[in-house]
Each structure stands twice: as structure tokens, then as C-alpha cells.
Amino acid sequence: MKKKLSIFPSILFFLILLSFFYLLISDRNPSKLPSTFIDKPVPIFKAKTLIDNKTFISTEEFGQETTLVNFFATWCKPCVEELVFLKKLASKNELKIIGVNYKDNSNKTVKWLKELGNPYSKILIDSNALIGIDWGVYGIPETFIVNSKGIIKYRLIGPITEKNYDEFYVKIKESEK
Amino acid sequence: MISSFGNFTLWIALSLAILQLLISMKKSNLLTIKFNRFAVKGFLLCTLISFFSLIYCYVVSDFSVLNVFQNSHTSKPLLYKFTAVWGNHEGSMLLWILVLAIFNYYILRLYTQNNFIFISKTLETQAIINIGFLLFIIFTSNPFERTLQIHDNGLGFNPILQDPALAIHPPLLYVGYVGFSAAFSFAVAAMNLKEEENIYWYYYMKPFVIAAWTFLTIGIAFGSLWAYYELGWGGWWFWDPVENASFMPWLLGTALIHSLIVVEKKKSLKSWALLLAIVTFLFSIVGTFLVRSGILTSVHSFALDPARGIYILTFIALLGGYSLTLYGIKSKNFLNKNYFSFFSREGSILVNNTIIIIACATIFLGTLYPLLIEIFSNNKISVGEPYFNSTVVPIMMPAILIMGVGPLMSWNKTDIKKVFLRTYPSLLLTIIVTCVFFYIYRSYNMLGLLGIILSLWIIFNILITSINQFRSKYKKKQFIKEDIPKLSIGMAMSHLGFGLLIIGITGSSIWQNEKIIKMKINANTTIQNYNIVFNEISDIQGPNYLAIQGNFLVYDAKKNIVTKLKPETRYYPVTNNTTTEASIHTNLLRDLYIVLGKGNINEGWIVRIYYNPLVIWIWIGASIIFLGGLFSMKNHLTKVKRIIL
Amino acid sequence: MTKTLLSIIFIFILTHISPTITKAVDPDEFLQDPKLELRARKISKNIRCLVCQNQSIDESSAALAKDLRILIRNKIKGGYTNDEIYIFLTDRYGDFILLKPSFKFSTSALWSLPFIFLIFGIFVIFQHNKKSNKIIK
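Protein chains in written order, with our numbering: chain A, 1 to 177; chain B, 1 to 645; chain C, 1 to 137.
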């Protein structure tokens with residue numbers, strides 16, 4: 001019994017180290033939280049739009065074409081850089097982009113978009129982060145890919161940049177499969 | 001240039017370490033010992049020079065050195081320029097190497113005619129460890145790396161890091177972690193001993209283990225102390241992975257010390273001691289790996305360089321793989337020749353060791369479980385304070401109970417009656433004082449009462465036994481008749497300190513009273529029996545900050561003034577940082593702790609007031625443990641010198 | 001620049017720093033009913049601040065923490081039970097947001113292993129005791 005027991009520590013040790021190696025080598029990012037909404041339908045919610053002050057009803061807006069939902073704010077520096085890529089995506093006419101203005105000042109946002117350009121087909125006002133919380137947003141910017149059936153297929157944490165644009169575009173294409 | 005010189009001496013140190021390895025590997029004779037002396041002393045000298053070179057670069061603010069640029073600034077007070085040397089990854093690794101070199105040297109000093117094969121084997125293992133860390137520093141974490149651009153000033157001006165407790169915390173911890181490397185080396189050498197060599201390896205190991213454990217204890221205490229007064233919650237332990245990484249080797253080190261005591265006296269538990277010596281050091285370096293590799297970070301921090309992580313992991317795999325496999329093969333040579341009843345001193349140590357290891361395993365499980373889940377599913381979970389509090393705390397309680405009565409038991413089987421006779425005064429006193437406490441405070445908190453009972457149990461047992469022992473110094477016969485093993489000063493102090501520590505832990509965790517309110521000037525509020533008046537708010541200009549300071553007058557129930565508390569919110573313009581400085585009034589019974597939040601003249605300020613009972617006993621207890629450890633080290637060194645040299 | 005940030009973050013991690021401004025829960029957020037407020041504090045202490053190192057939303061000064069604190073209090077006022085509130089949050093943020101791991105199949109090892117360790121430990125001690133009693137006799 002004793003003999004067998006004394007091999008146990010080394011076996012346990014190797015198993016633990018193996019898992020550490022795996023974690024180090026694998027492509028994980030310890031700072032990114034996986035979304036609970038992947039492959040699930042869009043949350044049902046209502047909101048006011050920014051520019052024309054209409055009511056936005058989620059059930060009417062999703063389930064028709066590929067849609068990006070982008071949470072942004074004027075006080076978020078990376079969001080400025082991201083706008084370039086959002087405009088690029090919007091110009092493709094393959095999808096529409098809904099912006100959610102997160103905890104921001106509406107007047108500021110209108111000015112900001114006038115100055116920098118507006119890639120959004122609609123902009124929703126989320127002044128108290130409730131829409132964000134309903135989507136599991138924990139920082140901005142975050143962008144969700146919703147396919148034409150209204151299912152969330154992917155969440156990007158952080159801005160769309162030069163580095164990840166191509167990969168992100170591939171994810172958009174894949175969302176329809 | 002001094003920095004190039006510092007780098008150069010690292011390379012020399014590496015060659016000397018390799019020399020030490022080669023010399024130690026050869027069949028030793030007195031000539032090789034001579035060369036080893038040269039290698040070991042040279043290694044120490046080089047690492048000292050290298051370390052002082054880095055200090056020099058910091059003190060003169062040489063920003064051509066990348067490490068200095070990243071972590072220092074001309075505006076830093078000299079003391080903190082000095083402590084910034086080890087307040088970063090590369091510099092702290094250089095400190096590791098220095099402490100390794102120092103312990104390496106003390107192993108060398110143990111050479112005698114009779115033990116040179118054993119000591120050489122120890123130095124061989126130690127050399128491998130030294131080389132491993134040196135390679136790590138030179139190639140992946142070199143503090144002497146140069147900057148690519150010229151900089152006028154550095155980036156290291158974060159005021160939070162300019163703190164005395166935070167400054168001394170790493171060196172103390174490193175003496176702990178590195179000291180366990182010596183135990184590891186002794187264990188490997190012991191397992192490689194041949195039958196004929198009659199070496200008492202445990203006598204060699206013990207002083208190093210006690211030194212390591214003692215400094216680890218006080219290092220952890222300083223870390224908690226800093227967290228207590230700096231973080232603003234009156235909390236001092238959060239079961240954070242970084243904290244767990246230091247607590248696990250501490251637990252295992254405790255088990256190791258006690259196993260070595262049994263090995264010395266009864267020649268049993270040898271295989272336990274060997275395994276613990278190996279595993280304590282492995283946990284020390286795994287802990288270092290975990291917190292520096294970026295594998296355990298929270299949601300919004302960067303992953304550190306994975307190349308470094310892979311290097312350390314490979315190093316750990318080699319060291320651990322070799323030592324544990326060796327253990328698997330050789331441990332049968334160290335099996336208990338004599339068994340013992342568990343109603344004896346050695347029995348109580350065995351039981352407590354088991355409990356300590358279970359506690360350590362639980363902490364390890366909780367710390368790593370989120371990683372395991374990540375590997376096997378796409379989910380992320382958290383294992384936070386509530387988990388550890390509900391598992392580790394109950395597990396430790398029986399160990400604390402046994403700790404009270406263990407020292408009173410004699411070696412070999414003890415008569416239950418005799419133990420009861422020795423312990424019933426403490427039992428009575430514990431019950432009486434607990435009842436008094438209950439009468440005064442009327443707290444129905446079960447956990448709290450349990451904590452009080454356990455700590456009083458330890459304290460009274462130690463005090464009464466010590467007093468009896470002191471008295472019976474003049475009645476030697478009776479003591480021998482009673483067959484009670486003598487309490488050594490070191491052991492009595494450490495155990496007493498631990499009892500006091502538990503009182504502090506219990507008081508501050510269970511009976512903390514918090515009050516969060518908004519107060520306008522001249523408003524007052526009460527907490528426990530204190531009346532606190534918000535006297536005024538003022539603007540303060542500090543050396544590198546602007547502060548808003550609140551002035552609070554604290555009155556007791558008899559309307560006498562107790563103290564003035566002055567919490568601040570500080571703004572550091574250079575870093576654009578804001579910090580809060582709590583104001584604390586301490587006495588033996590409680591801490592009064594105030595934090596100033598945001599606010600303004602019209603609406604008032606958010607004020608957080610904490611009444612933290614018995615907190616000071618945590619720090620007092622830890623200090624007494626530290627002193628006890630020092631006494632123990634001194635006593636044991638004298639013993640070792642007598643037996644070995 | 002990244003390396004600097006790395007070193008700074010490293011030191012933060014090494015010394016378990018929390019966000020520098022410990023403003024945390026605001027008396028303005030408090031619910032009127034002290035019992036409900038106590039519930040809110042208790043729940044908040046179990047919810048992880050997702051943008052902090054290792055803190056609950058009760059202690060954190062982050063904006064998201066405050067939003068969640070307010071949300072929890074609104075839900076309590078709205079009659080949700082504690083479990084319903086936890087489910088609401090984990091539906092959106094996953095189990096990561098709970099500081100006390102839930103009792104599920106995936107955490108069964110986490111919660112049962114300490115207990116199993118204890119049983120094993122007791123077994124080891126009794127075995128040892130049996131053996132030694134045999135030998136002594």
C-alpha cells in the first residue's frame with residue numbers, strides 16, 4: 001500500500017503541470033468573459049432612439065438581416081478608432097449596424113456622430129446601462145453579431161481594429177451558416 | 001557603465017554556479033571542497049555586486065536601464081527608489097537570486113570531514129536551482145536591459161507603491177520561499193544517501209526550515225497589514241490567488257517543522273518530512289509561477305509574457321519530476337520503523353499534519369478550479385472568499401483544538417488521565433473567560449464564540465504549562481516524574497503568538513461593525529459606544545499630492561475625547577491618481593477606522609466608519625510568532641553545531 | 001509602453017490592490033427598509049465586480065458595480081427573491097459573476113473534494129493507529 005501511495009504525488013504533479021502547460025499554450029485570453037448569449041435569441045427589450053426619438057421594439061428589428069449591435073459612448077476613446085471600421089462594414093450593404101449609446105449624454109453623441117460620421121442605421125439610448133446589462137455587457141466597446149434569424153452568434157470585446165477586422169468579418173460571414 | 005557591470009557579474013555568477021554543480025557532482029574529497037568554497041563564495045559575491053549595481057542605477061536614476069525607467073522617477077523619495085529595486089518582476093528575481101546565494105553559502109558552511117558527500121550532494125541540487133533561476137533572469141527577465149530611447153524621467157511614480165509595509169513585504173517572503181529551497185536540496189541529498197552514511201539529514205534541514213517559515217510568517221503579516229490600512233475596508237485577507245500562493249507554502253512549512261521535530265525525537269515520520277520538504281518548495285515556485293505568468297488574472301488585466309511562463313513551468317517540471325520520482329523510489333527506505341499511538345505527542349502532530357495538508361489541498365483546489373473548468377468547458381467561474389471561508393476555516397478548527405493539548409502530551413503513548421490533569425486548569429479558565437466574554441458582549445455568533453474558545457484554549461494551555469515549567473525548574477524531580485516534555489521558548493512563543501493571532505482574526509472578522517452614512521459638517525453619528533463628530537473639512541497640500549482632509553472628533557460614552565481622526569482623499573497630479581487614506585485609532589480592544597468618500601459642502605460627505613475589534617492582536621500575534629521563530633533558530637543552530645561540527 | 005503597464009499591473013496583482021478610489025456603496029443607494037438593505041448588501045457581497053481584480057460590487061468603485069448595485073436593489077424592491085436575482089445575473093454574465101460558486105454538476109468536485117479529503121485523512125490516521133496498536137501489542 002505504501003509503495004503504491006508514494007508514486008501518487010508524482011502522478012498528480014504531472015497532471016497538474018500538464019494542465020498549466022495547456023493553459024499557457026492555448027489561445028486563451030484571461031481577460032475576456034465568454035458571452036452567455038451565443039446561439040441564443042436576442043433579448044427582448046424596448047428603447048428610445050437617439051435621433052428621431054422613436055420607440056425601438058427588439059422583436060420587430062431582428063430576424064430579418066445580419067445585424068451588428070455595437071455598444072459605444074463618446075467618452076470611450078477606442079470607440080473613435082472603431083468608427084472607421086464600423087463605417088467600412090456599414091458601407092458593404094450586407095448588414096445593418098444598431099448602435100447602443102451607453103451611459104452617455106445624448107446631445108454630445110449627436111454632435112460626436114455629426115463630426116465623425118454615423119455608421120448606425122439606428123441608435124438606442126441606454127442611459128442607465130440596463131440594456132447593456134440585459135446583453136451581458138461589462139465594458140465598452142462591445143459588438144454583437146446577430147444573424148438573419150435573430151440569433152446572437154458572436155461577441156467581440158474591445159474595439160474593431162486593423163488587427164482583428166478581417167477575422168471579425170469572417171465571423172460575420174460565418175454567422176449565417 | 002554600472003548596469004553593464006551588473007549584467008556582467010550575472011554571467012560570472014552563472015559560470016560559478018555551473019562550477020559549483022560540476023564540482024559537487026564529482027566524488028568529493030577535501031580538494032573539491034576547497035574549490036566549492038571558491039565557487040560558492042564567488043557566487044555570493046557576484047550576486048551581491050549585481051544587486052548593488054541595480055540599486056546604484058535606481059539611486060542615481062539611470063533611465064538608460066529599462067527597469068529603472070519603468071519603475072522609478074526622480075521625484076521618488078530615496079527610500080522608495082531603493083525599495084523599487086525589488087518592487088518589480090525583474091528586480092525581485094534578482095533579489096531571489098541574492099537570497100539563494102546567501103542560503104547557498106550557509107549550506108557550504110556545514111561541511112565537515114564526515115558529511116562532505118552529503119553536503120556536496122546538497123550543493124549539487126542547490127546549484128541546479130541557482131542555475132535555473134539565473135538562466136531565467138539573464139534570458140527572460142534581465143533587469144539590466146537597456147532602453148531603446150533616451151528618457152528624461154521614468155514611469156514609476158505610483159504613490160500607492162510608496163509604502164513601508166509594501167516595501168518590506170517581498171524581501172521577507174523571498175527569505176521564506178528561498179529557504180525552502182535549501183530544505184528541498186537537503187531532501188534530495190538525503191534520498192540519495194547510501195545505507196552506510198549515517199547522516200542526520202533532518203538536523204541540517206531544520207534550521208533552514210525554521211528560518212524560512214519564520215520569515216514567511218512575518219512577510220505574510222506585513223502584506224495583510226498593508227492591505228488593512230491601505231485598501232479601506234478594514235479587511236486584511238481576501239483569499240486572492242496571490243495571497244493563497246503564499247499561504248500554501250506556509251501551511252506546508254508548518255507541517256514540515258512539526259514532522260522534523262518528530263523525526264528528531266522518534267526517528268519516525270521521515271518519509272513525511274522528505275515529501276513535505278520537496279512539496280513546500282514546489283508550492284513556493286508554483287506560487288511564484290502562478291502570479292507572474294498571467295495564468296491567474298482577473299478580467300481586465302494583461303497576460304504576461306507566456307514565454308516566461310513556459311520557462312518557469314519547464315523548470316518546475318524538471319525539478320518536481322525528478323524529486324517526486326526519486327521520492328517514489330526511495331521513500332520505502334525511510335518508512336517508520338516504529339509506529340506510535342495517536343494519543344501521544346507524535347500522534348497529535350501526525351493528526352495535525354494531515355489536517356494542514358487537507359486545508360492546503362482545499363486552497364489549491366479552490367484557487368485552480370476556475371482554470372480547470374476553463375480547460376474542460378467554455379465557461380468561466382469564480383471561486384471567491386465564500387468558498388474558502390466555508391471550507392478551510394472549519395477544516396482548520398480541529399487542528400487548532402489539538403494544538404492546545406498536543407504540547408502537553410508526552411512522547412509515546414500518553415495516559416488520558418495525565419493529560420486531563422495537566423489541561424483541566426486551562427479548560428476551566430477557557431470556559432470561565434468565555435462565559436465572562438459572553439456575559440459582557442452577549443454575542444450569539446457561534447463561529448465567533450468558537451474562535452474565542454479555541455484561541456483561549458491555546459493561550460491558557462501554553463501560559464499555564466510555561467508557568468508550571470518555570471516554577472518546577474526548582475523542583476526538577478517532579479517534572480521528570482510527570483514525564484512532561486519541556487516547552488522550549490521558541491515553541492511556547494510561536495504557539496502563544498498563534499493563539500493571539502486567532503483572537504485577532506476572530507474579533508475582526510466576526511464582530512466588525514460598519515456604518516456608511518452621509519455627514520455634513522458638525523453632524524455627528526454613533527458607533528458602538530462612540531460618538532463621532534464631523535468637525536471640519538480642509539485642503540491639504542502634500543509633497544506630491546493635494547488632499548481633502550476630514551477632521552473627526554471621537555468621544556466615548558463619558559463624553560471624553562478619545563482621538564481626532566483625519567481621513568483624506570488625495571489627488572496626485574503627476575499620475576492623475578486619486579487615493580483614499582483611512583485614519584485609524586488603535587488600542588488593545590479595537591480599531592476605529594474612518595474613510596472619507598466623495599461629497600461636497602452642500603450635500604455632505606460619504607463617511608465609512610468601522611469598529612474593528614481586536615485587530616491589533618493579529619499583528620502582535622504574528623510578531624510573537626516571529627520572535628519565537630528567531631529563538632527557535634538560535635537554539636537549533638547551537639544544537640546543530642554541537643552535533644555536527 | 002506595454003511593458004510598463006505590465007510591470008505596473010504585475011505589482012498591482014502582486015499586492016492585491018483594489019481600485020484606488022474606495023468610494024463603493026453610496027448611502028444614496030440604500031433602500032429605506034433596513035432589512036431589504038441588508039439583503040441587498042449580502043447579495044452584493046457575493047457578486048463579483050467584473051472590471052476589478054478580486055472584489056465584490058459592494059466594495060468596488062467601478063461604474064458597472066454601481067449599476068449592478070442599483071439594479072439589485074430595484075429587483076429587491078420589485079419582489080424578486082435572492083435566487084431569482086442570482087439567476088437574473090448569471091443568465092447575463094455567466095457563473096463567473098458569483099463569488100460563491102454555485103452547486104452544479106460542474107462544481108460538484110469543488111464542493112465535495114474537501115469533504116473527501118477529510119474522510120481520506122481520517123482513514124489514513126485510523127489505519128496508522130491500528131497498525132501501531134498491533135505493533136505495540
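Keep in mind that the hints are not guaranteed to be accurate.
[Unchecked claim] To spell it out: a stretch of chain A is covered by chain B in this simulated footprint if at least three of its residues, at any positions, have a beta carbon under 8 Å from a beta carbon of chain B; those stretches are: (1) 52-59; (2) 100-107.
[As the list claims (entries may be wrong)] Here are the computed distance ranges between Cβ atoms for each label pair: (3) B:R109 / A:T161: 56 to 66 Å; (4) C:F120 / B:Y444: 54 to 64 Å; (5) A:N93 / B:V574: 21 to 31 Å; (6) B:N524 / C:D33: 42 to 52 Å; (7) A:K111 / B:N551: 42 to 52 Å; (8) C:F123 / A:K171: 30 to 40 Å; (9) A:L130 / C:F103: 28 to 38 Å; (10) C:A109 / B:F38: 47 to 57 Å; (11) C:F120 / B:N551: 54 to 64 Å; (12) C:A109 / B:L22: 57 to 67 Å.
Calculated directly from the structure, the hints in this document are not laboratory data. Given the structure is predicted, the values throughout are model-derived calculations rather than measurements. Yeah, the Cβ is synthetic: ideal placement off N, Cα and C, and Gly gets one too.
Results for each hint:
1. 52-59: It is violated, with 0 qualifying residues against the three required.
2. 100-107: violated (count 0)
3. B:R109 / A:T161: 56 to 66 Å: Roughly 59 Å apart at Cβ, these two residues keep to the hinted range, so it holds.
4. C:F120 / B:Y444: 54 to 64 Å: Violated, since F120 (chain C) and Y444 (chain B) (Cβ atoms, about 35 Å apart) do not stay within the stated range.
5. A:N93 / B:V574: 21 to 31 Å: Hint violated: Cβ distance 50 Å, outside 21 to 31 Å.
6. B:N524 / C:D33: 42 to 52 Å: Violated: the Cβ-Cβ distance is about 24 Å, outside 42 to 52 Å.
7. A:K111 / B:N551: 42 to 52 Å: Holds, at about 44 Å.
8. C:F123 / A:K171: 30 to 40 Å: violated (52 Å)
9. A:L130 / C:F103: 28 to 38 Å: For L130 (chain A) and F103 (chain C) the Cβ distance comes to about 29 Å; the hint holds.
10. C:A109 / B:F38: 47 to 57 Å: Holds, since A109 (chain C) and F38 (chain B) (Cβ atoms, about 53 Å apart) stay within the stated range.
11. C:F120 / B:N551: 54 to 64 Å: About 58 Å separates the Cβ atoms of F120 (chain C) and N551 (chain B), which means 54 to 64 Å holds.
12. C:A109 / B:L22: 57 to 67 Å: violated (46 Å)
Going through the hint list in order, the structure does not satisfy hints 1, 2, 4, 5, 6, 8, 12.
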